[in-house]
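J.: Listed below, chain by chain, are the residues.
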Amino acid sequence: MDFKIAILGPKDTILGFKAVGLEAHSALNKEQVVEKLYELKKTKQENSDKPKYAIIFVVEDLAMQIPEADLKKLSSTTMPAIIPIPGPKGTTGFGLQRISKIVEQAVGSDILGDK
Amino acid sequence: MAKLDVKPTRMELLKLKIQLKAAKRGHKLLKDKQDGLMQKFMEIIKEAKQIRREVEKKLESAFKNFAGASASTATPKMLESALTFTSAKSTLAATTKNVMSVHIPYFEHELKGSVHSYGFNQTSGQLDTSLSLFQEVTPKLIKLAEIEKQAQLLAEETEKTRRRVNALEHMRIPALEETVKFITMKLEEAERGAIVAVMALKSKMEA
Numbered sequence: 008m009d010f011k012i013a014i015l016g017p018k019d020t021i022l023g024f025k026a027v028g029l030e031a032h033s034a035l036n037k038e039q040v041v042e043k044l045y046e047l048k049k050t051k052q053e054n055s056d057k058p059k060y061a062i063i064f065v066v067e068d069l070a071m072q073i074p075e076a077d078l079k080k081l082s083s084t085t086m087p088a089i090i091p092i093p094g095p096k097g098t099t100g101f102g103l104q105r106i107s108k109i110v111e112q113a114v115g116s117d118i119l120g121d122k
Numbered sequence: 011m012a013k014l015d016v017k018p019t020r021m022e023l024l025k026l027k028i029q030l031k032a033a034k035r036g037h038k039l040l041k042d043k044q045d046g047l048m049q050k051f052m053e054i055i056k057e058a059k060q061i062r063r064e065v066e067k068k069l070e071s072a073f074k075n076f077a078g079a080s081a082s083t084a085t086p087k088m089l090e091s092a093l094t095f096t097s098a099k100s101t102l103a104a105t106t107k108n109v110m111s112v113h114i115p116y117f118e119h120e121l122k123g124s125v126h127s128y129g130f131n132q133t134s135g136q137l138d139t140s141l142s143l144f145q146e147v148t149p150k151l152i153k154l155a156e157i158e159k160q161a162q163l164l165a166e167e168t169e170k171t172r173r174r175v176n177a178l179e180h181m182r183i184p185a186l187e188e189t190v191k192f193i194t195m196k197l198e199e200a201e202r203g204a205i206v207a208v209m210a211l212k213s214k215m216e217a
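Residue numbers (the numbering used here), protein chains in the order written: chain A, 8 to 122; chain B, 11 to 217.
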């Protein structure tokens, strides 16, 4: 089964990923990102019930702005995986913060610590 | 502890005893599940953190290079067309594995063709380097996606399971135990009452 990988972000940022075969969708603000994510999530493969996209990368600046409730709804299923990646401005620590949050959710406290 | 609101009858007692047994077994099973989930979670979360750090560092340099490349390309249009008609094709195979009834994804990524499929006279050498960097980081990104999604799904399930275990351990089972005790006492009391009544009756008849 072949899945697609999508990347969401400002056009000039995601162009580079286009060259390595990822599907680039441009999105500039919060509303566009949320809308696009719902749209991509809904897209199915031809003649099948499986989602077309297995991974959707979202540039960090935009991923930060996605409302908690939407993110929860979007990431409840096995696929697609919505993963924030740092933009050209460098990392904001949002990704690691997200991991800490995951640990906290599972264990009850962030046992890995910040380092 | 809150006792359940039931009538102290033998029927109820029987029902509650069955429920208590089921609750205890459920609790044990869920506890085992929680342990299993936690074990798996711990295995991957450390790796997730490490991979994320690595990817973020690599991506940063890739982006920096790319920004330089796009600045040194004559027009943005040229850059876009150079990148759009790429012969590189990425395919992604995904399988899911069932761990403790959580379906976690495994991705397998394959990149075919070359990313450097554009005319060299319109683009700068920096573009080549930056694309190579992107190409290098992509498998890592996929791995990161895989492992972070796994961690996220496992965390959700662990939280749910923990809540269930706690609800059974601290609410349902004590409540059931107390109610069973209450009904047993009540029934014994009724029995004693009946015996006393019969004894009183008997002594009255003898007198």
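Everything labelled a hint here was simulated from the structure, so no lab data went into it.
A hint or two may mislead.
To be verified - Below, simulated SDA-like cross-link-like pairs (lysine to any residue); rule was C-alpha separation at most 20 Å, straight line:
hint, chain 1, residue 1, chain 2, residue 2
1, B, Lys150, A, Met86
2, B, Lys43, B, Leu143
3, A, Lys25, B, Ser71
4, B, Lys170, A, Lys96
5, A, Lys96, B, Leu143
Since the model is a prediction, treat every value here as computed from it, not as a measurement.
J.: It remains to establish, for every hint, whether it holds in the given structure.
T.: Quick rundown of the hints versus the structure:
{"no.": "1", "hint": "Lys150(B) x Met86(A)", "verdict": "18 Å, holds"}
{"no.": "2", "hint": "Lys43(B) x Leu143(B)", "verdict": "42 Å, violated"}
{"no.": "3", "hint": "Lys25(A) x Ser71(B)", "verdict": "17 Å, holds"}
{"no.": "4", "hint": "Lys170(B) x Lys96(A)", "verdict": "37 Å, violated"}
{"no.": "5", "hint": "Lys96(A) x Leu143(B)", "verdict": "17 Å, holds"}
Of the numbered hints stated above, those contradicted by the structure are hints 2 and 4, listed in ascending order.
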